[in-house]
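Visitor: Chains A, B and C are the protein sequences, given in the same order. All residue numbers for the first sequence refer to this note's numbering, where the first residue is 148 and numbers rise by one. All residue numbers for the second sequence refer to this note's numbering, where the first residue is 33 and numbers rise by one. All residue numbers for the third sequence refer to this note's numbering, where the first residue is 61 and numbers rise by one.
Hints are computed from structural coordinates only; laboratory data are not their basis. There may be inaccurate statements among the hints.
With the Cβ distance kept under 10 Å, some of the chain B side facing chain A (calculated, not the full set) [said to hold, decoys possible]: (1) Phe67; (2) Val137; (3) Asn142; (4) Val163; (5) Tyr173.
For every residue, glycine included, the Cβ atom is placed at its ideal position computed from N, Cα and C.
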Amino acid sequence: MLLNLPFITVVIIMALGLYAMLFKRNLIKIVIGLSLIESGVNLFLVSLGYRNGGIAPIYTNAPSTNMVLPTPQALTLTSIVIGVATTAMLLSFCMVIYRHYGTLDSRKVRRLRE
Amino acid sequence: MSKIVRTQASFLYTFILIFGFYIVAHGHLTPGGGFQGGAVIATGIALVVVAYKFDEIKRRIKKTSLTAAEGIGLLSFIIAGISGIGVSFFYNWLANSGLLFGESVPYGINPGYLNTAGTLPIMNLAVGIEVLGGLGVIVLYMLHFVKGGEGNAA
Amino acid sequence: MSWDYFLNHSPALIIVIPLLAAFATPLIGRFSRKAMYIWITASLALTEIFSIILLYGVHTGGTMVYVMGANPYNLSVPPDSGGIPVRIILTVDSFGAFMAFTASTVALAGGIYSIACEHSQTGQEKYYALLLLMLVGMLGMVLTGDLFNFFVFLEINSLASAALVSYRIDKGVAVEAAFKYAIISSIGALAFLFGVGILYGEYDALNMAMIAQRMKFTDLDKIVMALFTVTLAMKAGAIPMHYWVPDGYGKAPGGISAMLVTASQASLYGVFRVSFTVFGLSANTLTLGWFLIILGVLSMFVGVTMALIQHDIKRLMAYHAISQTGYMLLGVGVGLATLGTAAFNQYGLAAMEGGIFHIINHAMYKGLLFLTAGAVIYRVGTSDLNKMGGLAHGMKYTTIFFMIGALSIAGIPPFNGFASKLLIYESVYQFNPLLSIIAMIVSILTLASFVKVFHSAFMGPKIYDVKEVPKSMLIGMCILTFFIILFGLFPNIAMTYLVGPAAKALANPLEYIARVLGGGA
Numbered sequence: 148m149l150l151n152l153p154f155i156t157v158v159i160i161m162a163l164g165l166y167a168m169l170f171k172r173n174l175i176k177i178v179i180g181l182s183l184i185e186s187g188v189n190l191f192l193v194s195l196g197y198r199n200g201g202i203a204p205i206y207t208n209a210p211s212t213n214m215v216l217p218t219p220q221a222l223t224l225t226s227i228v229i230g231v232a233t234t235a236m237l238l239s240f241c242m243v244i245y246r247h248y249g250t251l252d253s254r255k256v257r258r259l260r261e
Numbered sequence: 033m034s035k036i037v038r039t040q041a042s043f044l045y046t047f048i049l050i051f052g053f054y055i056v057a058h059g060h061l062t063p064g065g066g067f068q069g070g071a072v073i074a075t076g077i078a079l080v081v082v083a084y085k086f087d088e089i090k091r092r093i094k095k096t097s098l099t100a101a102e103g104i105g106l107l108s109f110i111i112a113g114i115s116g117i118g119v120s121f122f123y124n125w126l127a128n129s130g131l132l133f134g135e136s137v138p139y140g141i142n143p144g145y146l147n148t149a150g151t152l153p154i155m156n157l158a159v160g161i162e163v164l165g166g167l168g169v170i171v172l173y174m175l176h177f178v179k180g181g182e183g184n185a186a
Numbered sequence: 061m062s063w064d065y066f067l068n069h070s071p072a073l074i075i076v077i078p079l080l081a082a083f084a085t086p087l088i089g090r091f092s093r094k095a096m097y098i099w100i101t102a103s104l105a106l107t108e109i110f111s112i113i114l115l116y117g118v119h120t121g122g123t124m125v126y127v128m129g130a131n132p133y134n135l136s137v138p139p140d141s142g143g144i145p146v147r148i149i150l151t152v153d154s155f156g157a158f159m160a161f162t163a164s165t166v167a168l169a170g171g172i173y174s175i176a177c178e179h180s181q182t183g184q185e186k187y188y189a190l191l192l193l194m195l196v197g198m199l200g201m202v203l204t205g206d207l208f209n210f211f212v213f214l215e216i217n218s219l220a221s222a223a224l225v226s227y228r229i230d231k232g233v234a235v236e237a238a239f240k241y242a243i244i245s246s247i248g249a250l251a252f253l254f255g256v257g258i259l260y261g262e263y264d265a266l267n268m269a270m271i272a273q274r275m276k277f278t279d280l281d282k283i284v285m286a287l288f289t290v291t292l293a294m295k296a297g298a299i300p301m302h303y304w305v306p307d308g309y310g311k312a313p314g315g316i317s318a319m320l321v322t323a324s325q326a327s328l329y330g331v332f333r334v335s336f337t338v339f340g341l342s343a344n345t346l347t348l349g350w351f352l353i354i355l356g357v358l359s360m361f362v363g364v365t366m367a368l369i370q371h372d373i374k375r376l377m378a379y380h381a382i383s384q385t386g387y388m389l390l391g392v393g394v395g396l397a398t399l400g401t402a403a404f405n406q407y408g409l410a411a412m413e414g415g416i417f418h419i420i421n422h423a424m425y426k427g428l429l430f431l432t433a434g435a436v437i438y439r440v441g442t443s444d445l446n447k448m449g450g451l452a453h454g455m456k457y458t459t460i461f462f463m464i465g466a467l468s469i470a471g472i473p474p475f476n477g478f479a480s481k482l483l484i485y486e487s488v489y490q491f492n493p494l495l496s497i498i499a500m501i502v503s504i505l506t507l508a509s510f511v512k513v514f515h516s517a518f519m520g521p522k523i524y525d526v527k528e529v530p531k532s533m534l535i536g537m538c539i540l541t542f543f544i545i546l547f548g549l550f551p552n553i554a555m556t557y558l559v560g561p562a563a564k565a566l567a568n569p570l571e572y573i574a575r576v577l578g579g580g581a
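The shape of chain A in the complex, shown without the other chains (with noise of 0.2 Å):
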């Protein structure tokens, strides 16, 4: 039960995420939701190396070789990156789309029907 902690921590902020692109209106709450959810897989990603006992994959001064795997880190690493740039273009979408409509409600936001 205890090693299932972090994947049931996934699934938990991964729903959380997910309700709040579904049901909130607010563009910036959308946002938010996409970054809940990427961090939700960031967290799955590093979790699926651990190895029982394992200490940080380091050499320098390292107490021991007995390591956690190194490859998820790095995998996550550049999903992390990618999280950073989708979330400032979509932030400044969000700024242009202020100026020019006068609100942030995606009910209101809707000149491109059909």
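Dock chains B and C against the given chain A, drawing on the hints supplied.
Guide: For chains B and C alone, coordinates are given in the frame of chain A:
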């Protein structure tokens, strides 16, 4: 912001910059590397912009110099990758060769030696400069309308 | 710097050249605008030359393997690693080289077109840098042999194209379209990353050939297969995940709409690569094939019926792009459903060839149609069909190019749409006659809606006093027309050199795995 916050911000700004460059430079030995160090330095820029008014910072930290840093960082990264194209793309031709970053690394647990790992520290520095430019410009554009609060925060 | 060096290193050089050009463009653009235009055209032309070198190399030497950072360049399994491919490996087979040729041709046409279309806008150096980065994303997606590398290039593609869709921020609607596109692409890419994480946790490998060899098809793998197929079909614009396509294609600038077509087709390449190579040996290909067929039939039918009622010229063409994607899914889906049975050699391989031939045909004629629509909007100023009329009086060349594109998409000989649609009709009829009849009805409805566009935009009395569009826009349209007429009059050139080897390479996953894990060369 109040006088206490402004004094502490300008005092801490130098230390944040040094810490960020330390993380960038030791990327091949300890956790860190290009993106992490660049993000720390951009956080330092955000601290100074929030503490002072934006008009006072506009003269010291210019958007054009940060954009130029971003361009220079990107070009150095791709040129460091291409420099070994005679063998293959991203070939680490400086490792174990005795030139700039070229000592050999002993196997197993060691106290970290800075002079190792070939083209990796060069690419770390290039990415660090690029990220501080990119994230710095984003922070400056988004905090464009920050005006400092009047007097002391009661 | 001999010919052998360029041939062997071409998978890496074709990604390096637009990447270096993209990073250097803002610095060059700050000094002189004319130097930037020459730099862009030279780098796009050099990428096209390298894609032809790549086609030649794969045609003569089989699947090419390039390992990034290894000494020598094709050492995929180092001798002290215990049989595991350790670095990021670019695996180029005929299908990948075919897609790279398509992507670089449309990018060349779109880039030259944009020189005149965006001549009076600000921020041009960032526009061209993003255009080259979008090309890097597409080329990386079709040339890589590693699942996480595919995810990284997919994200580069999505972010660069979302930023380009929102280029005209003076009209706020483009930013709203780009917001929807960016949110939907990000969710899709995160679902893809979740699937890659599950596969890594099960098999401890990220290379496509390694996963295909170790695959045991447990229940978790069924979940991963569903995630991959639905996410990549969403990025390709299949029904029922198509909601970003009319907004995204409709509000992009002129040359970018043509390149978004090839960006969607790179995701379609991802669907086929995952279905045939990663899961092809162990999954039940009949079920997966029928799933792709049903997606294809839905896309064809819903796309064309939604297109009949539009009155905005670019949204209409975007719905047609959805319906033509259905043809490609139908053709390759029939091939996947008959894989491994005796019927494959009778009609399955022909259906796959029809679907793959349709990819390059669709890129050419849909790109040409989007470029002509961009030319019309450039001169008239609006994109509403009710307000246009009588443009054939002033814009003669644009009318001729539009007619060529409209006859191609309806499948009329001697243009290239006829060749691939005939292959799909005949081979799918032998699989199941109802699917072929639906495909023919969709083709008739396509012709109907393009007759409507031609009549309302170009025919009629002269309302606007317009001149012809500038020369560089016409040169961009000419490049695509050349390929339309070439593949229409001589389809056997395309079949023997481009499409035939691609279909054979896609249907043969064992050779792909053996080439990567056998040490390359």
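Visitor: Does Asn142 of chain B pass the interface check with chain A, least Cβ-Cβ distance below 10 Å?
Guide: holds, 6 Å
Visitor: Does Val163 of chain B pass the interface hint, meaning its C-beta sits closer than 10 Å to a C-beta of chain A?
Guide: Status holds, d = 9 Å.
Visitor: Return the status of the interface hint for Val137 of chain B: holds when the least beta-carbon distance to chain A is below 10 Å, violated otherwise.
Guide: Holds: closest Cβ of chain A sits about 9 Å from Val137 of chain B, inside 10 Å.
Visitor: Minimum Cβ distance from Phe67 of chain B to chain A below 10 Å?
Guide: Cβ of Phe67 of chain B sits 5 Å from chain A, so the hint holds.
Visitor: Answer holds if the nearest beta-carbon of chain A is closer than 10 Å to that of Tyr173 of chain B; otherwise answer violated.
Guide: holds, 8 Å
Checked against the numbered hints above, the structure breaks none of them.
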